[in-house]
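So you can see what is in the structure, the chains are spelled out below.
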Amino acid sequence: MRRVFQTISWISLAVTVLAPLLFYTDTLALEQSKTILLIATLGWFVHTPLWMGRETP
Amino acid sequence: MNVDNQETSEPVMPEPAGAGTPSDEYEREPVPQKALLGFKSFLGMYAGEHCAGTELMIGPLFVAAGVSAFDLVCGLVLGNLLAVLSWTFLAAPIATRARLTLYYQLEKICGRKLVTLYNLANGVMFCFLAGSMITVSATAVGVWVNFDMPSLNDRYPNSIGWVLAVMGVGGLIAIVAAYGYQSVVKFANIAAPWMVLVFLAFGIVALRQFVTANDSEVDSLGDFWELATTSIWKGGEPLPGQTKFTFWHVTFFAWFCNMAMHVGMSDLTIFRFAKKSWYGIATSSGMYVGHFMAWLAASLMYALQLRLDPGNTDVLPGPMAYKACGVAGLLCVIVAGWTTANPTIYRAGLAFQAIVPKSSRFVVTLVTGGIATVAGMFPGIAMQMLGFVALYGLVLMPMGAVIFVDFWLSRKLGFQDRYAERAGLGFNWAAALTWFLTLGVCVYLVKSKAWDVEIYFVGLPGWFVAVSLYIVLSRMYQRKI
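So the protein sequences, as listed, match chains L and W.
Taking this note's numbering, the leading residue of the first sequence gets 1, the next gets one more, and so forth.
Taking this note's numbering, the leading residue of the second sequence gets 1, the next gets one more, and so forth.
Just so you know, these hints were derived from the structure itself, not from any lab.
A quick note: this is a predicted structure, and the numbers were derived from the prediction, not measured.
A virtual CB, placed ideally from N, CA and C, is assigned to each residue, including glycine.
Take these hints with a grain of salt, some might be off.
[To be verified] Computed far set for chain L versus chain W, every beta-carbon distance over 10 Å:
#1 M1
#2 R2
#3 R3
#4 F5
#5 T7
[Unchecked claim] Label pairs and their calculated CB-CB ranges:
#6 R479/W with R54/L: 54 to 64 Å
#7 P49/L with G161/W: 53 to 63 Å
#8 L21/L with N214/W: 17 to 27 Å
#9 R54/L with F147/W: 33 to 43 Å
#10 G311/W with A29/L: 22 to 32 Å
#11 F224/W with A29/L: 21 to 31 Å
#12 L50/L with G426/W: 23 to 33 Å
Required output: the full structure, derived from the provided sequences and hints.
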């Protein structure tokens with residue numbers, strides 16, 4: 001599971017940058033970008049505590 | 001700006017964002033070989049810790065100071081480089097040789113009583129800094145609740161709503177600091193990478209909106225520079241009540257905003273864990289992520305606000321972040337202020353507790369949080385952040401000069417190092433007078449009409465004054481005793 005949580009965390013982090021970049025290139029509207037950013041934020045904060053700072057089994 | 005790793009009577013290592021956390025062990029002994037940490041630990045720690053709530057105030061204040069694009073970008077590049085070099089060539093070499101905390105090293109040189117006084121100064125500055133972080137977080141409340149928020153030139157609380165918002169945010173931060181300091185540290189470590197990227201998102205969104213507002217296109221670096229020089233950081237007169245910032249202001253501000261930590265030697269406590277002194281260059285992660293990217297991103301948001309409504313000069317991170325990144329942006333403002341105010345209050349509490357050792361840690365932290373909350377109600381501290389940060393570094397700088405002289409020059413110049421320890425002194429007058437007289441000279445240089453040195457620049461001559469004073473006074477003092 002650790003690998004899964006880590007993957008979701010890193011994807012969330014990537015989306016945190018991707019959403020504003022897509023807004024920059026006019027691919028997304030600002031409101032869409034904000035919503036995706038919030039989802040990515042939730043993804044990061046929900047999954048990261050499950051592996052970061054914890055001992056590797 | 002990092003302000004949460006200053007030394008106190010009970011030194012606590014700031015927990016880095018990355019792995020390999022140095023602990024708060026070895027407070028009164030050199031760090032042993034087995035406890036030393038690699039380069040990456042410092043890289044992660046500095047990157048995370050210098051991307052804090054205060055960046056959201058400092059970036060906009062550059063724009064309010066009428067800075068031009070060249071002065072800002074080049075000033076930050078040079079100033080941050082000088083800061084990195086100061087860590088690498090001043091703090092880290094002593095830290096990796098002595099491997100002691102700042103407190104313990106100062107105690108050996110200055111004596112316990114003088115260190116207590118240093119702690120008091122440190123604690124007071126911490127309270128004001130934590131207050132400004134609470135101010136930053138409280139601006140987020142104004143997005144949801146309608147009340148009068150402070151404007152750029154407000155010094156005092158301007159509405160009941162504002163006072164209540166600060167009380168709510170500050171009270172929570174103080175309670176959490178008193179109860180669950182370690183859990184907030186863990187949360188801060190988790191939040192750090194996300195926070196850095198949200199700062200980047202602020203800049204990207206604001207730049208796009210700037211391009212749209214100007215009805216221009218940015219397809220190359222040249223286009224961006226054109227936009228930057230003509231619309232974003234146009235230069236010219238500062239906003240009313242603000243000091244005009246030139247290239248040299250930006251350079252010296254970037255160099256000295258963490259003066260307490262490099263020239264002032266507070267980060268001896270951190271670099272005592274470094275295997276090599278060149279690990280000092282790891283601070284470049286904090287400087288060029290936090291003090292370059294984050295400052296530019298925050299200043300972009302404010303420049304956009306002025307572009308869309310020139311009459312709206314309010315520096316309110318909450319509303320600005322919400323406009324750019326929605327709820328995630330707002331969370332970033334709250335988290336950035338909270339995670340940096342929390343350890344600052346905790347460590348201010350430790351500093352005060354050193355003065356009254358029998359007092360309860362819980363009560364002291366709570367009272368300190370209360371003081372910081374009251375300070376946070378006064379927006380003058382956050383709105384004058386550029387000047388306040390310069391003052392903060394200046395107050396603690398002379399003790400760094402004392403350590404420098406003690407470590408490198410004392411024996412060569414014919415006087416004893418670690419004099420308080422050798423002579424059994426509780427109060428080394430040579431160090432105390434160096435501190436007070438240096439600050440006196442600096443205040444004179446700033447206040448005197450003949451010299452009229454701005455506070456951003458006075459740290460440099462001040463350091464040489466402190467070095468000279470400690471040499472002369474130590475020779476006199478040690479001969480007398």
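Any hints from earlier that this structure breaks? Give me their numbers in increasing order, please.
7 and 12
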